[in-house]
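Use these hints to put chain B onto chain A, whose structure you have.
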Amino acid sequence: MTEPLLELRSLSTHYESARGTRVTRAVDDVSLTLERGRTLGIVGESGSGKSTLALTIMRLLPPAARIVGGEIRFEGEDLLQKSPHEMQAIRGKRIAMILQDPMASLNPLFTVGDQVSESLRVHEGASRKTAWARARGLLEAVRISAPASRMNEFPHQMSGGMRQRIVGAIAVACEPRLLIADEPTTSLDLTIQAQYLSLLRDLQRQHHLAMIFITHNLGIVAKMCDAVAVMYAGRVVEAGPIRQIFNKPAHPYTRALLDSIPRLTDDSHMRLPAIDGQPPDPSAPPSGCAFHPRCPQVMARCREQAPPSLTVAAGQTARCWLHAP
Amino acid sequence: MNASTAVVLAEAPRRASRRLASFPMVPVAIIAFIVFVALGANVLAPHNPEVGSLGMRFKPPAWQAGGTAQYLLGTDHLGRDVLSRLIFGARVSLVVGFTAVIVAGLLGVALGILAGYLGGWVDEVIMRLTDSWLALPALTFAIFLAAVMGPSEMNIIIVLAAVYWTRYARVIRGEVLSLKEREFVRLAIIAGCSRLTIMRRHILPNVINSAVVLATLMLGVVIVTEAALSFLGVGVPPPKPAWGLMLADGKRGLMAGYWWLTVLPGLCIMLLVLAANLLGDWLRVKLDPQLRQL
Chain A
1 MTEPLLELRS LSTHYESARG TRVTRAVDDV SLTLERGRTL GIVGESGSGK STLALTIMRL
61 LPPAARIVGG EIRFEGEDLL QKSPHEMQAI RGKRIAMILQ DPMASLNPLF TVGDQVSESL
121 RVHEGASRKT AWARARGLLE AVRISAPASR MNEFPHQMSG GMRQRIVGAI AVACEPRLLI
181 ADEPTTSLDL TIQAQYLSLL RDLQRQHHLA MIFITHNLGI VAKMCDAVAV MYAGRVVEAG
241 PIRQIFNKPA HPYTRALLDS IPRLTDDSHM RLPAIDGQPP DPSAPPSGCA FHPRCPQVMA
301 RCREQAPPSL TVAAGQTARC WLHAP
Chain B
1 MNASTAVVLA EAPRRASRRL ASFPMVPVAI IAFIVFVALG ANVLAPHNPE VGSLGMRFKP
61 PAWQAGGTAQ YLLGTDHLGR DVLSRLIFGA RVSLVVGFTA VIVAGLLGVA LGILAGYLGG
121 WVDEVIMRLT DSWLALPALT FAIFLAAVMG PSEMNIIIVL AAVYWTRYAR VIRGEVLSLK
181 EREFVRLAII AGCSRLTIMR RHILPNVINS AVVLATLMLG VVIVTEAALS FLGVGVPPPK
241 PAWGLMLADG KRGLMAGYWW LTVLPGLCIM LLVLAANLLG DWLRVKLDPQ LRQL
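As they're listed, the protein sequences go chains A and B. The first sequence begins at 1 in this note's numbering and counts up by one. The second sequence begins at 1 in this note's numbering and counts up by one.
If you're looking for bench data, these hints aren't it; they were derived computationally from the structure. Quick caveat: nothing in here was measured; it's all calculated off a predicted structure. Misleading hints may appear alongside valid ones.
What the hints assert, rightly or not - DEER-style ranges, computed between Cβ atoms:
(1) B:F33 - A:A89: 43 to 51 angstroms
(2) B:D131 - A:P296: 53 to 61 angstroms
(3) A:R128 - B:L106: 23 to 31 angstroms
(4) A:R19 - B:F23: 49 to 57 angstroms
(5) A:F154 - B:F33: 31 to 39 angstroms
(6) B:L106 - A:A148: 31 to 39 angstroms
To be verified - On the chain B side, residues computed to face chain A include the following (Cβ under 10 angstroms):
(7) V185
(8) G192
(9) R252
Yeah, the Cβ is synthetic: ideal placement off N, Cα and C, and Gly gets one too.
Looking at chain A on its own, in the form it has when it is part of the complex (with noise of 0.2 angstroms):
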């Protein structure tokens, strides 16, 4: 245990547009760790690189994006030096992914049946009838009812909930260590959203998986996470454990983003305060530190400089000149 499931070492991910002219840094030297069992949090706004680094760990990145530098380790292998085929043995058995959309995540074409067991029969050599009683067992364990017969259904006979279960019970299906849930419930109205989260969390401690949390909701990562990476034009501005970062977050940013959700007990009828200014465009970022321009805090310093990762307090780190000694 020593180790960690997952380490990211100054991992970046460039997008180079067909000539080589314009270059995006999608995800600029990123290091994040995450322990077995433990749920990690991205957040920020669209844009700022949450889902290239999800694709990046996959190792499912588009043709025009390159992954220019840094160290993927998982379980202490570096799966940047991995070739294609070994990828493709990883995904789905070790690392599984859930993606955004639950209606359209589904072949319309296969029973459920068919579909959970697949990734089955595809890592595990499972025969066509064992694959079966497990994926019925998997449905149960996503609280479908009656999963006998709903094996025989069509993803469109189902609402998205179920189909987004549905898509939780293929995640799990190979006992992967690693789950990485991209927006997972951004489609599902607020009722099943919270279903599916304690759901997802259920599965999380019987299969004793680590997590990373994609969204842009700071409810659910409150609810959901062990810690919190807060991402903003490619870079991880801070990171930390969850509790420190809603108590006290360090970059302004952090604290823009936690003061503009709003609260039952606050009784003052004022405006919620919104950040101003746009999110920069990725691919000609401000010079210096990318939130200068929008930051209440700025400095002579941040528009020149882009601040290193700083260490605020015990693991916590931000990316702010007003933490720099």
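Relative to the frame of chain A, chain B by itself:
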């Protein structure tokens, strides 16, 4: 209450679609009839289609002056029974037509999926090949191939498949390009399926609909091309009874008033092609969820 609202909402479009996609009785009946005749040719045909009696040349159909009940639709320049030749000709048209469409379909679908899914240089090679293929005029190309390979039923099938696979490849590639961006394909990749598995299990079943529609529409084109090739003498070799061949044999008799030698096989070709096209149109509407919504 909830369920009843849903029923009411669903009712209107469904009724419209039922009218649009109402079962095509006429084309199905025509094709069924031709298939039935082709299957039962041995029993149904009153005479041997390849042997005539020279004493009975150019007999008109039975209802015309000079016609006999023995030869219901008359005889040709060698005294062969036109009805029997039409009946056996159905066999040739169907066998050649269906086989060629299926062979072309298998080839085109396979190449289309490979090109669309793998992309990169595979796509480049297959699509440039398709483009240059399409640049050749189909009939000229078919005549050339047929002339090189020599006339036989087998060769005609190969020629037709070689000429028409490109249509499938293009359409299927286009479908695959959009399919492979769908979430369920991405999920399959994430689940660690190999590319072959994904093409076979997730892509192929989703393009079958289009392939079937295309095949039905191609059936007409292929049958006409087969008739044209036979008409030009590079198709089914005589004395086998093929409709195109009958047209070719009969064309000189047209001026002499022997209309039944050309009009009847022409009518058969037209009916079969028309039926195939109508069926194809219906299938297209039926299997296309977008059109079905209208």
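Whether the CB-CB distance between F33 (chain B) and A89 (chain A) falls inside 43 to 51 angstroms
56 angstroms, violated
Is it true that D131 (chain B) and P296 (chain A) lie within 53 to 61 angstroms of each other by Cβ?
59 angstroms, holds
Does the hinted range 31 to 39 angstroms hold for F154 (chain A) and F33 (chain B) at CB?
36 angstroms, holds
That 31 to 39 angstroms hint for L106 (chain B) and A148 (chain A) (C-beta), does it hold up?
38 angstroms, holds
Hinted contact R252 (chain B) with chain A - closest CB pair below 10 angstroms
55 angstroms, violated
Closer than 10 angstroms between Cβ atoms is the bar; does G192 (chain B) clear it against chain A? Give me holds or violated.
3 angstroms, holds
With 10 angstroms as the cut and Cβ atoms as the points, is V185 (chain B) at the interface with chain A?
The hint holds - V185 (chain B) has a Cβ within 10 angstroms of chain A, the shortest such distance being about 8 angstroms.
Taking the CB of R19 (chain A) and the CB of F23 (chain B), does the distance hold inside 49 to 57 angstroms?
56 angstroms, holds
Confirm or reject the claim that R128 (chain A) and L106 (chain B) have a C-beta distance inside 23 to 31 angstroms.
Cβ of R128 (chain A) to Cβ of L106 (chain B): about 26 angstroms, so the range 23 to 31 angstroms holds.
Going through the hint list in order, the structure does not satisfy hints 1 and 9.
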